[in-house]
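J.: The primary structure of each chain is shown beneath.
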Amino acid sequence: MARVKIDNYAVADAPRLGVRGWLRWIWRQVTSMRIALILLLLLALAAIPGSVLPQWPQQPGETKAFIDNNAVIGPVLDKLGFLDVFGSAWFTAIYVLLFASLIGCIIPRALAHYKAMRAPVPAVPSSLARYEPSGREETDVDAATAIERARKELRPRAGWLGALTGYRIRIDERAVKDGAVKTNDGKERRELAMTADMGHIRELGNLIFHISLVFVLIAVGAGTLLTYRGQAIIVEGRTFTNAAVAYDTFSNGSGFDPADLQPFTVKLDGLDAVFEDNGRPKEFTAHVTLQEPGEDAVQKDVQVNRPLQVDGAKMYLQGNGYAPVFTYTDGDGNVAFEGPVVFLPQDQVYTSTGVVKVPDVTSGEQIGLKGTLLPTEVTKPGGSVSIHPDPGNPVIYFTAYTGDLGLDDGVPQNAYQLDESELSPVRGDDGQPFVFGITLGDTVTLPDGLGTISFDALPRFAAMDLRADPSLPWLLAASISMLVGLAISLFATRRRMWLVAPMDTTTTVVEAAALAPSHDGGVEAALDRALAATSGRVPDADEEDE
Amino acid sequence: MNNLQQLSAMALWGACVLYAIAMVAYAIRLSRVAELKGAAAAANKTAEPEAAVSVGSAPAQASAASATVSANAGTGKTGASTPGAGASAGSRDQKAAKALGIARAATLVGAVLHAVGVTARGIEAEHVPWSTMYEYTISGSLVAVVVFLIVQRKRDITYMGAGVTGLATIALGLGLTVLYQDATGLQPALQSFWLVIHVSIATIATGIFGVGFIATALQLMRDYRDSEPRQVTNRFLKAFHDPGVRVIKGKTFRFLEAVPSPKKLEALAFRLNAVGFVLWTFTVMAGAIWAEHAWGRYWGWDPKEIWSFVIWVIYAAYLHARTTQGWAGRRSAWVSIVGFAAIIMNFTVVNLVFQGLHSYAKA
Ligand code: HEM
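Residue numbers (the working numbering), protein chains in the order written: chain H, 37 to 582; chain V, 7 to 369.
Read the hints as simulated data drawn from the structure, not as lab findings.
Among these hints, one or two may not hold up.
Coverage of chain H stretches by chain V, computed from C-beta distances (three or more under 8 Å per stretch; other residues unrestricted) [as the list claims (entries may be wrong)]:
hint, region
1, 68-81
2, 85-91
3, 344-354
4, 520-529
Sample of chain H residues lacking proximity to chain V, with all beta carbon distances greater than 12 Å (derived) [what the hints assert, rightly or not]:
hint, residue
5, Gln-95
6, Asn-220
7, Ser-290
8, Gln-327
9, Thr-398
10, Leu-508
11, Leu-511
12, Pro-553
13, His-555
14, Gly-557
15, Arg-573
From chain V, some residues computed to sit far from chain H (all C-beta separations above 10 Å) [unchecked claim]:
hint, residue
16, Tyr-186
17, Leu-274
18, Val-319
Owing to the predicted nature of the structure, the values given are computational and were not obtained by experimental measurement.
Built from N, CA and C at the ideal position, the CB exists for glycine as well.
Using the sequences provided together with the hints, build the complete structure.
T.: This is the structure in structure tokens:
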């Protein structure tokens, strides 16, 4: 049977472990550094398809089109979860394993660190020969003075904070361990040995970092349960009442009951949209009046980066556009439709499309109108276009239809599209579909006695996005503690220095060495400073390298 | 074309040319120092036959020699005073010192022009100069050069000069020719305090990772060059697994002899990457806060967010690899190279090809 390597251990005869042995073996594998590393690399790799392929949660339309256009590979990728990477079983498996590994790693390390923090500073090893960097210093003071000078130089500080951030010192008087153990006259030689140790805070920072990561994940998970959001469109002058049904779309995590929504109202008093001369958007501001139950109405400004805070939630200004107001008078002279219709912007200059549906005509068939709004129309050789998003010269081009709008079928309909299956276009005198332009304030009479339509006003609308996520403060706290822990863990110094001074000699030769990770560029200078202090020499310049 | 725009473009072109000159001078200096060291080693050989070492296969001695030689070359003193090598080494030494002087001056003046160009662009555009790919490129490369100059003050990293100025030359050249865009106002989504925080820290992190990348690249090249040649059957695979494969032959890339040992380079790269990683962590957090404000969700897995996450995870893996048995050294260095490749991907392909909310970076 092949030997199975687990980090430093080699386990022979793995199959004879038995069930519990196997479980323990698996747990050790999962919590080993190498597996953590591999899981991290896998996590990075697994995330990449999410940026290459269209994803259901982000782009449902494109994803559907992708599947339709790739008859063979599309459905396969969909089945395998590549079109919803971050909800897929394999992505979840990787991060769940990673976090299992992380927790399995933190607990023993926290315990070990706790013990290490309470344990005394270890004594100086018997031989310093194999440590780098090292040094020696001759001084004419005795060993006790030399060591005391070095101790002072390293400035150990009292208290637990001092122990955490500075050097912890231990000084032993002991029999000489290295070199000539006896003096010429046969007496045992003695020496003073000092250990200066720092770096607990590095490990502590590392633990804080890893523990905070777990809390980040917990906060994100809690957020998914407790969050809710909804999108609503409010036309200038109109009022929106907060309730799940009032939103165009509303979704919530399973931990939130939509009935708990507070019925506040938001009135859109006006929407300022500022564009540059070239049509680039510059600034959007929605002026609203907020009325919470039992409170005074307050006026607020909502901007793209400045949401409205209400009922523990935030309402964002997500988009804007035009909602032209029409009056349709049917062939019998009755007003069959009156009010604003939301037109959705299609491009940078707010060329917008929308439909007017008139189901309630007095007699005859229902009327549907498909329109394109050009806020600043100019006529060019190829046809009419809009050259600026501001309403400089607003014109709407309509195509009219008669027939069945399909509103009574009970099938939910898209408010921005006309279901043309039961409709036929209204034709002009020439037999061609009747297309007409209408300017602001104009009234147009439709052919065949189908009545008149007038374009009365051009208010703007604000697309608002309400969102609540009670986990956010917790997430922020966990993230900040993660960042702080990380900085400590990467920038704090971990090093151990030893100084040994033989006693009862005329000139004291202090031997010193240090142990530090290779990236600790300051260790040599620190060792030199300690050594220089023993003789009162000026330490070498604080040159870090080479 | 207004004055500021002209000033900015001219200053940046000037910086680009100066960096190119600096790069050449740094490269000459590097090869001269390597030659000097070869001469010094040869001189040692004749003086003490027992201690003779061939430079390529004895990294410890070679780097010890490098330390003395480069220290002397820096101050302009004669490096190898051993008889026999003295005369030719002396002239090489002078050339090295001269090249170094030119390189330093060109880099410094280049950096000043570079800063002027970036500042003028910022004033012209009336916002911080890092909101389009062009601006991000000129700012990020400025950070890389400045980081190099700052580190250079504390420790001698002249050997990285060619790499850093080369990177800056390419960045500026590409920026001015391919990526250039006229300054425009900011879109509403970009008008935020968090833009300044998020993107400036991202730019700085990128610059630092860039310098760390150069150190890692040198580390790997030197490492491969130093290692003993060995019989390999599958060179492609084993290049990553077997520390014995010599991909870079001992005779080629002579300049690498003037570069510190792989261990020292790895320590330097680690410190840079550690700073970069902390800043990147902050970048991702600030980006999430900004997204929460602007789009009402702190994380939506849009392509830019995915790649920021991927970069973060790769560098986390690098930090782990350094302390994992069998991964320390060469393999962890490769992980950080992959991390930097991901940064470049994030900045190029992701910006230009993948769609997402962040795609205004194009316009
Ligand atoms: C969620 C995944 C994880 C992330 C993002 C992560 C991130 C990090 C980072 C950034 C460091 C660098 C700090 C430093 O070098 O001092 C680090 C260090 C470390 N991590 Fe993790 N880690 C993760 C999971 C784990 C797991 C599962 C283990 C245990 C097997 C682990 C054990 C360690 C250890 C021992 C160090 C200290 C290395 C050293 O400084 O000597 N980590 N981790």
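J.: Checked against the structure, which of the hints given earlier come out wrong?
T.: Violated hints (numbers, rising): 5, 10, 11, 12, 13, 14, 17, 18; every other hint is consistent with the structure.
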